[in-house]
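Throw the hints in and build the complete structure from the sequences for me.
In terms of this note's numbering, the sequence shown has 260 at position 255, counting the first letter as 1, and numbering is strictly consecutive.
No lab work stands behind these hints: they were computed from the structure.
We put the beta carbon where it would ideally sit given N, CA and C, even for glycine.
A hint or two may mislead.
Unchecked claim - Quick list of the computed label-pair ranges, beta carbon to beta carbon:
#, residue 1, residue 2, range
1, S258, L127, 19 to 25 Å
2, L119, N220, 46 to 52 Å
3, N248, E193, 31 to 37 Å
4, N248, E75, 40 to 46 Å
5, F136, E216, 57 to 63 Å
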Amino acid sequence: MGIGERLKEERESKNMSLDDVQNLTKIQVRYLDAIEQERFNVMPGSFYVRAFIKEYATVLGLNPDELMEEYKSDLPFEKEESVALSRVNSSKKNKPTTSTPKIFSLLPSVIVVLLIIGIVVLVWLFRQGYFAGEEGDPTPADNDDNAAGESVQLPPSQDTAPSEEEEMEDGESADEEQVEEDEPEEPEQETEISLVNYENNESYYNLTTTEENVNLVITTENRNWLEIEDESGERFYYDTLTNEKGPLEIDVSDTEELYFTFGEPQYISIEVNDVRLELSDKIPASQPQKLWITIEKQ
Numbered sequence: 006m007g008i009g010e011r012l013k014e015e016r017e018s019k020n021m022s023l024d025d026v027q028n029l030t031k032i033q034v035r036y037l038d039a040i041e042q043e044r045f046n047v048m049p050g051s052f053y054v055r056a057f058i059k060e061y062a063t064v065l066g067l068n069p070d071e072l073m074e075e076y077k078s079d080l081p082f083e084k085e086e087s088v089a090l091s092r093v094n095s096s097k098k099n100k101p102t103t104s105t106p107k108i109f110s111l112l113p114s115v116i117v118v119l120l121i122i123g124i125v126v127l128v129w130l131f132r133q134g135y136f137a138g139e140e141g142d143p144t145p146a147d148n149d150d151n152a153a154g155e156s157v158q159l160p161p162s163q164d165t166a167p168s169e170e171e172e173m174e175d176g177e178s179a180d181e182e183q184v185e186e187d188e189p190e191e192p193e194q195e196t197e198i199s200l201v202n203y204e205n206n207e208s209y210y211n212l213t214t215t216e217e218n219v220n221l222v223i224t225t226e227n228r229n230w231l232e233i234e235d236e237s238g239e240r241f242y243y244d245t246l247t248n249e250k251g252p253l254e255i256d257v258s259d260t261e262e263l264y265f266t267f268g269e270p271q272y273i274s275i276e277v278n279d280v281r282l283e284l285s286d287k288i289p290a291s292q293p294q295k296l297w298i299t300i301e302k303q
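Encoded structure:
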C-alpha cells in the first residue's frame, strides 16, 4: 500500500471528503487528489510534496514524521525541482556585459604619470631661470680692454637639479596612484525577492542573492503564531512571537527552501538581508497563512 492509498483510506474511515480536508489545510483539492493518486509530478516541487503530506497527515490524526519515514523511499525528496513562475514575470533582468579595451583602463595611469613628469620639468626650468626676464639695458662693453668683451656663462649649480630623494618620492607617488587606479571595483551585492504565486492563503516566493550570508529577520507589532522549517523538515522556530520577544534573527545561509505558517498577517514583518518581503495585497486580515521561499544564490 502506497502513502497516497494510506491517506485516502484514513480519510474515508473518518467520513471526510477532499473538500473537508481543503477547508482544514488550505491545500487545493487538485493537490490533495494528486497526493492520493501519487502523481507527485503535478506538484510545485518536492519540498511542497513533503509539506502538503505533513499537513494532510496531521489533519487525519496521523503522526507525519513516522509516516514520512515509513514511505520515504516512495517520495521524490532527492530530486531537485524548481518552482514554475506561472503568474509573475521574473524581476531579474539579464544585463549585457561589455568589456573595456585594456588601453582605456591604463589611460588614467598614463595621464597621471605624464602630469607628474610635466610638473617636475616646470620646477627644474623655473630653478634654471628659464622664464626670468632681463631687466634694464645690457652693460656696455669696455673699449679700453684689449681682450674682446665676451661674457662667460657659468654652468648651473648642482643645487638647481632635482635631488635623488625628490625623484624617488615622485616615482613612489606615481606608483601608488597607478596601483589605486588598477584596483578593480568589487561588485555590488544585492538580494531580490519576487512573489511567484498567491492563492487560497498560500504564498510562493523566489529569492535570488549574490551575498554569501542569508539572514532572516522577523518582527511583529503585536503577536503571531509562527512556525519556520527548512526543506529537510528541521524547525527553526515553533512558538508565539510577540513584540517583546522580537526581533527574531535566523541565519539561513545553508538553506534552499523555507516554509512558514503564521497567523495575524497584518502585524508581521519578514526581511531577508535587509530586503522586506512584501505580502500579497489579497491577504485578508487575521487569516492564517502559509508561505514558501525558494532561495537561489548567484
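Hint by hint, here is what the structure shows:
1. Separated by about 57 Å at the C-beta atoms, S258 and L127 break the suggested range of 19 to 25 Å.
2. In this structure, L119 and N220 meet the distance hint of 46 to 52 Å, their C-beta atoms being roughly 48 Å apart.
3. Remark: the range hint 31 to 37 Å for N248 to E193 is upheld by a beta-carbon distance near 34 Å.
4. Taken as a hint, the range 40 to 46 Å holds for the pair N248 and E75, whose Cβ atoms sit roughly 41 Å apart.
5. Restraint check, F136 to E216: a C-beta distance of roughly 58 Å satisfies the suggested window 57 to 63 Å.
Violated hint: 1 only; the structure is consistent with all others.
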